[in-house]
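A.B. asks: Chains as they are written, first to last, in numbering that gives the first Met the number 0: chain Y, 0 to 405; chain S, 0 to 405.
Hints should not be assumed to be uniformly reliable.
Any copy, or any two copies together, can satisfy a pair, since identical chains are not distinguished.
Keeping only pairs whose Cα atoms sit at most 30 Å apart, straight-line, the calculated DSSO-like set for lysine-lysine is [as the list claims (entries may be wrong)]: (1) 109 <-> 241; (2) 111 <-> 247; (3) 55 <-> 128; (4) 348 <-> 241; (5) 55 <-> 109.
Hints were generated in silico from the structure; no laboratory data involved.
There are 2 protein chains.
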Amino acid sequence: MTLVVQKFGGTSVADADRIRAVADHVVRTRRRGHDVVVVVSAMGRSTDDLLELAYKVAPEPPARELDMLISAGERISMALLCMAIDDLGEPSSSFTGSQAGIVTDTTHGKAKILEIRADRVEEAVAAGKIVVVAGFQGVSTDREVTTLGRGASDLTAVALAAALGADACEIYTDVAGVYTADPRVVPDARRLKSLAFEEMLEMAATGGRVLAARSVEYARNHNVNLHVRSSFTWEPGTWVKKEEEVEKAILSGVTHDTSEAKVTVVGVPDRPGIAARLFRALADESVNVDMIEQNVSVTGLADISFTFPKADLTVAMRVTEAIAADLGAARVAGDSDIARISLIGAGMKTHPGVAATMFETLAAEGLNIEMISTSPIRISCVVRAADVEKGVRALHAAFELETLQP
Amino acid sequence: MTLVVQKFGGTSVADADRIRAVADHVVRTRRRGHDVVVVVSAMGRSTDDLLELAYKVAPEPPARELDMLISAGERISMALLCMAIDDLGEPSSSFTGSQAGIVTDTTHGKAKILEIRADRVEEAVAAGKIVVVAGFQGVSTDREVTTLGRGASDLTAVALAAALGADACEIYTDVAGVYTADPRVVPDARRLKSLAFEEMLEMAATGGRVLAARSVEYARNHNVNLHVRSSFTWEPGTWVKKEEEVEKAILSGVTHDTSEAKVTVVGVPDRPGIAARLFRALADESVNVDMIEQNVSVTGLADISFTFPKADLTVAMRVTEAIAADLGAARVAGDSDIARISLIGAGMKTHPGVAATMFETLAAEGLNIEMISTSPIRISCVVRAADVEKGVRALHAAFELETLQP
């Protein structure tokens with residue numbers, strides 16, 4: 000008998016009919032001979048509705064009470080799902096994060112899982128029940144209700160799968176899996192059968208929104224096989240596994256991201272400690288810097304460029320301008336009109352020439368590359384935002400991603 | 000420093016504005032130097048909305064999951080109330096039934112409170128916090144979430160007040176207190192300053208809907224002084240206390256109730272065991288019999304009449320007709336067109352003549368009394384439903400209830 004953890008997001012349980020459809024799928028899985036533990040998010044927009052109510056009541060609601068409030072959403076969806084499962088004739092029990100033994104630290108709103116004490120879940124599974132657990136929430140070492148951060152129901156599922164030694168963790172969502180590119184941009188993008196944890200992490204970090212990086216990291220660290228699939232079509236989706244277990248392909252996909260802005264400091268004297276001073280000041284203002292690039296020209300003056308979330312542009316400009324004036328830099332330029340295109344693939348480690356082909360392809364389309372950053376399995380280029388879709392389509396075609404996938 | 004438990008019902012916390020008004024009142028109480036523990040119901044109709052959703056998902060939802068589902072409502076209202084209190088500058092903490100140590104038996108949907116382990120609440124109060132507790136819910140000895148039955152937030156408040164040794168338990172509702180009669184029927188009905196637990200119990204049992212009998216019984220057994228008042232006017236309301244502590248009046252009020260139906264069995268042979276057989280059969284079908292009357296005529300045949308909730312009329316008729324046929328009774332008559340008028344007052348024990356005046360008054364109005372039942376502090380008469388308001392007004396005037404109250 001295998002044990003499967005199935006996680007259903009908010010759109011998958013958005014109303015009574017969708018909940019009954021999920022119950023039907025869970026019960027079919029059970030009747031094919033699997034033990035099933037289900038993790039659910041809150042219904043549809045209900046968490047946002049609760050947050051809206053909170054900010055109507057108080058402009059700065061205390062974090063402990065916010066957690067108490069929004070954790071109610073998953074209690075509702077999990078109880079309803081159990082009712083629907085029961086109605087189909089299978090025994091089931093719901094458990095809150097606390098009842099399921101999801102023990103966290105005391106950081107309200109973004110608690111870290113410290114430990115899973117899954118004995119109640121294990122007992123219920125052993126008793127033949129389908130277990131339904133509230134995603135996104137836990138209980139702190141101070142016995143307070145905590146939440147794990149937006150989208151963290153995936154994390155609950157992965158952590159439970161690890162603690163229970165599950166054979167697979169299925170993440171049901173509103174897309175059918177992980178694609179070689181965003182299908183809205185590249186109509187012939189293909190669904191991947193599988194990819195490696197590291198590739199999924201790079202995708203998550205560069206604009207692929209299917210899975211949050213935190214959950215993928217947890218899955219990699221505990222070697223939990225993930226299966227991303229759609230609760231609308233119920234078709235097999237994409238597996239995320241150890242690199243050794245993944246069918247080999249040079250590249251897995253092209254991602255793009257228009258959520259960042261860029262600041263460039265021009266003409267900085269090239270002295271030790273200058274970059275350190277700038278990025279410490281940005282960190283102190285909680286600007287989450289992503290890419291950094293520094294070029295030293297023959298004149299002995301450096302240009303420093305960096306990217307970060309668009310929402311932080313005003314703060315980043317203020318911090319950078321203050322330091323630039325201090326250093327005698329020539330100029331600071333802010334730019335929110337950028338986009339990043341990334342090529343991801345574990346195979347590029349052993350296939351030289353991927354970077355060259357990427358740059359040639361973008362050049363042939365007339366795209367100017369403003370910044371470049373790389374990891375062993377990723378190459379990212381910053382280009383003009385207006386060019387991004389053209390660039391993604393050209394790269395997808397150049398590397399034949401529509402056909403190369405197994 | 001006194002400790003006050005304040006309970007707010009669903010209409011008192013129906014939206015963000017009402018929640019802020021409640022927070023304001025709670026904070027004022029605190030700033031007048033009282034420790035405050037608040038018990039809240041779910042917002043407005045939200046429990047009904049959740050139930051509706053449940054029955055959409057499954058026609059017969061399991062009781063454990065129903066409790067998990069509907070207990071979410073109070074989590075939401077209590078967290079929002081804490082946010083509003085915090086916004087006014089007073090520290091507060093919310094506690095679920097489980098966190099507040101409301102330990103119950105394992106009867107889902109109508110659990111009985113076994114014990115209050117209030118140490119977390121006491122610690123928070125000692126730390127200077129306003130404590131907000133979810134009404135209506137607890138945790139069973141099996142560590143399952145339970146609910147205490149509809150309207151049981153009052154019970155949570157009374158039980159907490161008893162466990163904490165509170166000086167008073169204030170029940171805020173949408174009426175301003177307990178009246179000498181329903182003000183919609185008797186426009187000059189007066190709000191009582193106080194009445195005895197026993198009188199309140201009789202009122203609850205005979206149509207006064209302000210407090211549920213269960214909460215009043217608990218308050219009487221643990222000697223918790225109740226103060227019933229309006230969260231719309233914030234005026235002082237009605238105290239419910241030990242009889243010795245209540246200002247003396249002969250009568251406290253006239254109640255009426257049109258929720259019952261009557262069955263009469265005519266011409267039953269007067270043999271031992273016949274009533275036992277009939278009422279055992281009715282109990283076996285869960286017909287909740289209220290009043291019973293039996294008259295034996297000179298012919299040796301008896302008439303038996305009894306009342307019960309209208310919804311049970313079909314069942315009661317079926318059961319009674321089967322037995323009546325068996326006994327050779329002449330006839331069975333069902334009647335859902337009845338009403339009960341009750342006169343309640345602890346003073347009637349020492350003031351003879353109340354019953355005589357009551358019967359005379361109803362007779363003078365042309366009302367035929369169909370059944371009579373009494374307790375030491377109550378007299379009830381069954382009359383035609385169409386006559387009930389006329390009867391209530393006549394009795395209220397005859398006993399000068401509009402002026403006699405202190």
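A.B. asks: Look at each hint and say if it fits the structure.
C.D. replies: These are the hints, each one checked on the structure:
1. 109 <-> 241: within (27 Å within a copy, 51 Å between copies)
2. 111 <-> 247: Cα proximity of residue 111 and residue 247: none, with 34 Å in one copy and 62 Å across.
3. 55 <-> 128: Classified as between: cross-chain Cα gap 23 Å, same-chain 41 Å, threshold 30 Å.
4. 348 <-> 241: Cα proximity of residue 348 and residue 241: one copy only (16 Å, versus 84 Å across).
5. 55 <-> 109: For residue 55 and residue 109, only the intra-copy Cα distance (22 Å) is at most 30 Å; the inter-copy one is 34 Å.
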